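J.: Quick mapping for you: the protein sequence lines, in order, are chains A and B.
Numbered per the working numbering, the first sequence finishes at 115, counting up by one with no gaps.
Numbered per the working numbering, the second sequence finishes at 113, counting up by one with no gaps.
If you're looking for bench data, these hints aren't it; they were derived computationally from the structure.
Just so we're clear, the structure is a prediction, and the values are computed from it rather than from any experiment.
A few of these clues could be false.
Just a sample of chain A residues kept apart from chain B, beta carbon distances all over 12 Å, derived [said to hold, decoys possible]:
1. Val12
2. Tyr18
3. Glu108
Reference listing, derived: stretches of chain B covered by chain A, where coverage requires no fewer than 3 residues with Cβ under 8 Å from a Cβ of chain A [claimed, not checked]:
4. 41-48
5. 53-63
Every residue, glycine too, gets a C-beta built ideally from N, C-alpha and C.
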Amino acid sequence: GAGVSQTPSNKVTEKGKYVELRCDPISGHTALYWYRQSLGQGPEFLIYFQGTGAADDSGLPNDRFFAVRPEGSVSTLKIQRTERGDSAVYLCASSLLAGGTGELFFGEGSRLTVL
Amino acid sequence: GDSVTQMEGPVTLSEEAFLTINCTYTATGYPSLFWYVQYPGEGLQLLLKATKADDKGSNKGFEATYRKETTSFHLEKGSVQVSDSAVYFCALSPRGGFQKLVFGTGTRLLVSP
Chain A
1 GAGVSQTPSN
11 KVTEKGKYVE
21 LRCDPISGHT
31 ALYWYRQSLG
41 QGPEFLIYFQ
51 GTGAADDSGL
61 PNDRFFAVRP
71 EGSVSTLKIQ
81 RTERGDSAVY
91 LCASSLLAGG
101 TGELFFGEGS
111 RLTVL
Chain B
1 GDSVTQMEGP
11 VTLSEEAFLT
21 INCTYTATGY
31 PSLFWYVQYP
41 GEGLQLLLKA
51 TKADDKGSNK
61 GFEATYRKET
71 TSFHLEKGSV
81 QVSDSAVYFC
91 ALSPRGGFQK
101 LVFGTGTRLL
111 VSP
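Chain A with its partners taken away, still in its complex shape (with noise of 0.2 Å):
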């Protein structure tokens, strides 16, 4: 497709279990980005990715959260022992360069739901 792809788009589990997302980003793009959004909330930086590595991972909450992209394209955020607070939509952004023009294309998000 032509834009940022994420699945799923929705998601319920259960506390305690483990989740992945994935993001497909814009062909040819090699900056990569999650940011998470709580209800009611602005997105909030996650990690970002230049190529295959984490080049800012700060925003990660704490260590059960964890986000791959092993070949420079799709990303995997991974989400360990989750609780009822990790509940949001977890956003993907991709962009040509790092830095750049500063534009980032946004998924529609993975809305992901604990319970």
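With chain A's structure known, arrange chain B on it following the hints.
T.: For chain B alone, kept in the frame of chain A given last:
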């Protein structure tokens, strides 16, 4: 740390009314400033940006001017349309660091015919 404050919504207007959505920021140095928009059922998309003081960003009839003296970046449009109904987010990035955007909480705009 860096932060963005924008007016709470929803903002409810009639078609062709004048729009202002206030945004102020706190940042070290001179950040770049952005307005992103989220239409129903779609992802966030960049509406306009300004990278230095006194710059004016504009797009689709929307404008915002980077005011360093008041640390503001208010969004304006002279005549709104029903199709402008969306959630608008003000955001900043530190100088030279577009990677880590700091967003405001968003303002929902509802335009009625």
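J.: Work down the list of hints and note, for each, if the structure agrees.
T.: Now the hints, each set against the structure:
no.	hint	result
1	Val12	20 Å, holds
2	Tyr18	26 Å, holds
3	Glu108	5 Å, violated
4	41-48	holds (count 6)
5	53-63	violated (count 0)
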